[in-house]
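K.L.:
For this one, chain P is given, so just place chain S with the ligand on it according to the hints.
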Amino acid sequence: MPIFSYLAIPKRDARKSLCEELSTLEHCQVIPADNQDVVVVVTDTPDEHTEKQLQHTIKSLPSLQSLSLAFGYNEKLE
Amino acid sequence: MKLDRREFIKQAAIGSALATAGSLFPGISFGSWNRLAGGPGVLAWQKTPCRFCGTGCGLLVGVSDGRAVAVKGDPNCTVNKGLCCMKGYHSVQALYGRDRITTAKVRKNGTLVEVPISEALNLVAEKLKETRDTYGKDSVAMYGSGQWTIPDGYVASKLFKGCLGTNNVEANARLCMASAVTGFMTSFGLDEPMGCYEDIDHADVFVTWGNNMAEMHPVLFSRMLSNRKRRAGVKIIDFATRFTRTSQAADKTIIFKPQTDLAVANSICYEIIKNNWVNDNFVNEHVSFHKGKTNIGYGTEDHFTFSDSAETIDFEAFKLFLEDYTPEKVEKISGVPAEEIKYLASLYGNPSLKVTSFWCMGMNQHTRGTWINNLVYNIHLLVGKISTPGNSPFSLTGQPSACGTVREVGTLTHKLPHGVVMNENDRQMAAEIWQVPVENIDPKPSYHTVEMFRALDRGDIKFMWIQVTNPMVTMPNLRRYRDGALKDDRFVVVSDVYPTPTTDVADVILPAAMWIEQEGMFGNSERRTQHFAQIVDPPGEAMSDTWQIIEVAKRLGFEKQFPWSQDNYIEPIWEEYRRFHTGPKHEMAPYTVLAERSGVQWPFVDGRETRWRYNPAYDPACKNDKDFDFYGKKDNRAWIWARPYEPAAESPDEEYNFWLNTGRVIEHWHTGSMTRRVPVLHNAVPSSYVEIHPEDAADLGVVNGELVKIISRRGELTMPAQINGRGVPVRGMVFVPFFDESYLINEVTLDAFCPISKQPDYKKCAVRLEKA
Ligand code: SF4
Numbered sequence: 000m001p002i003f004s005y006l007a008i009p010k011r012d013a014r015k016s017l018c019e020e021l022s023t024l025e026h027c028q029v030i031p032a033d034n035q036d037v038v039v040v041v042t043d044t045p046d047e048h049t050e051k052q053l054q055h056t057i058k059s060l061p062s063l064q065s066l067s068l069a070f071g072y073n074e075k076l077e
Numbered sequence: 000m001k002l003d004r005r006e007f008i009k010q011a012a013i014g015s016a017l018a019t020a021g022s023l024f025p026g027i028s029f030g031s032w033n034r035l036a037g038g039p040g041v042l043a044w045q046k047t048p049c050r051f052c053g054t055g056c057g058l059l060v061g062v063s064d065g066r067a068v069a070v071k072g073d074p075n076c077t078v079n080k081g082l083c084c085m086k087g088y089h090s091v092q093a094l095y096g097r098d099r100i101t102t103a104k105v106r107k108n109g110t111l112v113e114v115p116i117s118e119a120l121n122l123v124a125e126k127l128k129e130t131r132d133t134y135g136k137d138s139v140a141m142y143g144s145g146q147w148t149i150p151d152g153y154v155a156s157k158l159f160k161g162c163l164g165t166n167n168v169e170a171n172a173r174l175c176m177a178s179a180v181t182g183f184m185t186s187f188g189l190d191e192p193m194g195c196y197e198d199i200d201h202a203d204v205f206v207t208w209g210n211n212m213a214e215m216h217p218v219l220f221s222r223m224l225s226n227r228k229r230r231a232g233v234k235i236i237d238f239a240t241r242f243t244r245t246s247q248a249a250d251k252t253i254i255f256k257p258q259t260d261l262a263v264a265n266s267i268c269y270e271i272i273k274n275n276w277v278n279d280n281f282v283n284e285h286v287s288f289h290k291g292k293t294n295i296g297y298g299t300e301d302h303f304t305f306s307d308s309a310e311t312i313d314f315e316a317f318k319l320f321l322e323d324y325t326p327e328k329v330e331k332i333s334g335v336p337a338e339e340i341k342y343l344a345s346l347y348g349n350p351s352l353k354v355t356s357f358w359c360m361g362m363n364q365h366t367r368g369t370w371i372n373n374l375v376y377n378i379h380l381l382v383g384k385i386s387t388p389g390n391s392p393f394s395l396t397g398q399p400s401a402c403g404t405v406r407e408v409g410t411l412t413h414k415l416p417h418g419v420v421m422n423e424n425d426r427q428m429a430a431e432i433w434q435v436p437v438e439n440i441d442p443k444p445s446y447h448t449v450e451m452f453r454a455l456d457r458g459d460i461k462f463m464w465i466q467v468t469n470p471m472v473t474m475p476n477l478r479r480y481r482d483g484a485l486k487d488d489r490f491v492v493v494s495d496v497y498p499t500p501t502t503d504v505a506d507v508i509l510p511a512a513m514w515i516e517q518e519g520m521f522g523n524s525e526r527r528t529q530h531f532a533q534i535v536d537p538p539g540e541a542m543s544d545t546w547q548i549i550e551v552a553k554r555l556g557f558e559k560q561f562p563w564s565q566d567n568y569i570e571p572i573w574e575e576y577r578r579f580h581t582g583p584k585h586e587m588a589p590y591t592v593l594a595e596r597s598g599v600q601w602p603f604v605d606g607r608e609t610r611w612r613y614n615p616a617y618d619p620a621c622k623n624d625k626d627f628d629f630y631g632k633k634d635n636r637a638w639i640w641a642r643p644y645e646p647a648a649e650s651p652d653e654e655y656n657f658w659l660n661t662g663r664v665i666e667h668w669h670t671g672s673m674t675r676r677v678p679v680l681h682n683a684v685p686s687s688y689v690e691i692h693p694e695d696a697a698d699l700g701v702v703n704g705e706l707v708k709i710i711s712r713r714g715e716l717t718m719p720a721q722i723n724g725r726g727v728p729v730r731g732m733v734f735v736p737f738f739d740e741s742y743l744i745n746e747v748t749l750d751a752f753c754p755i756s757k758q759p760d761y762k763k764c765a766v767r768l769e770k771a
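So the sequences go chain by chain: P and S.
Each residue of the first sequence is one higher than the last, beginning at 0 in numbering that gives the first Met the number 0.
Each residue of the second sequence is one higher than the last, beginning at 0 in numbering that gives the first Met the number 0.
Worth flagging that the hints you see were computed from the coordinates, not collected in a lab.
For every residue, glycine included, the Cβ atom is placed at its ideal position computed from N, Cα and C.
Careful: at least some of the hints might be erroneous.
As the list claims (entries may be wrong) - Cβ pair distances, simulated, as ranges:
{"no.": "1", "chain 1": "P", "residue 1": "Asp12", "chain 2": "S", "residue 2": "Thr717", "range": "31 to 39 Å"}
{"no.": "2", "chain 1": "P", "residue 1": "Pro45", "chain 2": "S", "residue 2": "Thr717", "range": "44 to 52 Å"}
{"no.": "3", "chain 1": "S", "residue 1": "Arg229", "chain 2": "P", "residue 2": "Leu24", "range": "47 to 55 Å"}
{"no.": "4", "chain 1": "S", "residue 1": "Asn121", "chain 2": "P", "residue 2": "Asn34", "range": "20 to 28 Å"}
{"no.": "5", "chain 1": "P", "residue 1": "Lys51", "chain 2": "S", "residue 2": "Pro589", "range": "54 to 62 Å"}
{"no.": "6", "chain 1": "S", "residue 1": "Pro685", "chain 2": "P", "residue 2": "Pro45", "range": "55 to 63 Å"}
{"no.": "7", "chain 1": "P", "residue 1": "Pro45", "chain 2": "S", "residue 2": "Arg106", "range": "43 to 51 Å"}
{"no.": "8", "chain 1": "S", "residue 1": "Asp487", "chain 2": "P", "residue 2": "Pro45", "range": "57 to 65 Å"}
{"no.": "9", "chain 1": "P", "residue 1": "Lys51", "chain 2": "S", "residue 2": "Arg229", "range": "56 to 64 Å"}
{"no.": "10", "chain 1": "S", "residue 1": "Pro678", "chain 2": "P", "residue 2": "Asn34", "range": "26 to 34 Å"}
{"no.": "11", "chain 1": "S", "residue 1": "Thr717", "chain 2": "P", "residue 2": "Lys51", "range": "40 to 48 Å"}
{"no.": "12", "chain 1": "P", "residue 1": "Asn34", "chain 2": "S", "residue 2": "Glu113", "range": "48 to 56 Å"}
{"no.": "13", "chain 1": "P", "residue 1": "Lys51", "chain 2": "S", "residue 2": "Ala683", "range": "50 to 58 Å"}
{"no.": "14", "chain 1": "S", "residue 1": "Arg229", "chain 2": "P", "residue 2": "Glu19", "range": "46 to 54 Å"}
Unchecked claim - A short, non-exhaustive set of chain S residues, derived as facing chain P with CB atoms under 7 Å:
{"no.": "15", "residue": "Ile8"}
{"no.": "16", "residue": "Phe29"}
{"no.": "17", "residue": "Gly164"}
{"no.": "18", "residue": "Gln565"}
{"no.": "19", "residue": "Lys622"}
If we strip away everything but chain P, and leave its shape as in the complex, we get (with noise of 0.2 Å):
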């Protein structure tokens, strides 16, 4: 039951369309920043292969411009 938190950056005039892309996707949660083109995004997922998966859709999506973790953590692990 992975949980994840990365800062998304998105493409020049682009905070919209990806905080709107983001919220469509399942699993996930988006905070934007009200000043700065920075988007908060934690993923909640019930297992690793879903979570690898969503990863791989966020990072395919056409209005971001970089990802990058901030907090990992998986139950299995513990």
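P.N.:
Same frame as chain P, but now just chain S with the ligand:
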């Protein structure tokens, strides 16, 4: 339970991301999320100051099912306006480490065994009484902390100084803030900064004096950076002995040799006078000139004593004194090019620039700590850049309540909540409020911290109660003091939340409530008192430090002085304590106001907080009808001091050829006993290391991660090298963070101190290195 735990982890994940964003994008705000975020299962958000540094950021703690599960910055707190650093965001996780101390333990036949807390408290009271009866009142001592709440420190002082009649009360703030106090007292006659954090929003130039604010006061640093981004011409000058994250963000870094900040500060004054940048009106109206003793020693021997004496001089004598500090002469001492000294002087001297100087441990942990504080005030006073928005010599504190509990309550051997034990009026005031005979309060200070641990080693002190601090990691020249604490007839009581090297030497361990598991108040760097309610229950039999002291006081027969009930003791203690500070110079806010707001700055007069002291536009205590009133000193003036450069207690030589400097990293709080139990913080920096300049490392034949032995005249330590990491020392210096109890760097450091403040110098001693 499963849902709570998951939600808790999710909040930690959010906190981590927000903290990372905060450090990468200074000034970033997630305010609208803060307003929306209830989070599933989070029932209530309650305010508290953060407990992980002296900045005093306001936090909102989210509670679910009686457990603190989330943290966000408090948008109503003017300190941080909703921001936090990574320690703040992860702070509540420090409550829930697996090895929390939840029951009392007593050493029986050499082994610590669990006992009910009432039995442990009985033993503490018995031992305290027995020791005092047998060896005299000064054989017992209390050693507390700048992380004590204000009520903790207040009842400790009342019990030991008022009831037991000993001035053996000290706190670890002696190790971090004592030079700031003596600096303020000698220059202004009153403690604590004249300005406030709002200075950051007005200053054009920031000079950080030996102060890595980017890691130690990150939220204030980020406020500086966002001001620089927003306002044209704002500059940050990093005046330092090593390259740090502050250097990376600064506009300019000027490196000086350790201890020579004294010479550079004098040289800046020399230049200011030479170039006619003195603010004559200000100096003539508000400043007087003085000199004190010189060649004042270093306190490395037991029973060292020193008292300064002030002699009044005039401006011409001060000018003559500065002739030894021309930039060209000082370049030779300090390694700072004369041009750089002139540049610094020109910033302070330019009448159109507002300048704020920040400092913390670099200037305070200094064998001439009082002097260097005086000298930076000298610069600001010569040009009249003080007590107005943006013009501020600003001494920052390290701990959340070094100001509130240690400096304001006066939990140092010579202090009382108002004034000093040496002053008859102050003793009388204390005796009246405490309801004890005035003869109880000894007019002579006893032991400052280093001397207190020396007395424990010698056997002059036999009983010591230690609360909220970890001296068996932090005392300089540590081996001597640990051996002393372990001697047969010494009795050591430790109140703490996790096992530490200090609980290892304890005869009794008392389980303490931590931070928001109790009600209390802290006082931050800008004279702000911050109340927090009990938000969650303490685990097991853990009890607040305040209540532990009250329990022991009652057992010793002092019910009259400690009449409060466990249901309601913080409010009456605060209201009693507040009586010490009546009047416009130090009036504190009533309990009801503190309980409502995210911090209140004192003096709090007629419902108004005071942001800039000594300035009649802001400060109701000003009475002289002039543009400033430095009412702390009898001559109503701020004092400029002629203080020379004198070398460090121990400098590199042929045999020990490196400087050793010690300090902190952003992820860990002090000795790491709490932050190392927060997985994200621990994993970020899991163990300590020694920073070495790459060329010194090459000379030694050491690469990153290889082991290096650090050897001083006191001890040695082997640890991994870090080369070109977050901090890079200059050639001939190494730096070691002290958060890791597996690497006790203080076995290597020297217990030399400033003879005036008695604060040790953790930034300078001589070592040699070997490849291990
Ligand atoms: S800057 Fe200090 S007070 Fe603010 S959140 Fe960080 S540790 Fe806490």
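K.L.:
Tell me, in ascending order, the numbers of any earlier hints that this structure violates.
P.N.:
Hint check: 1, 3, 4, 6, 9, 13, 14, 17, 18 and 19 fail, others pass.
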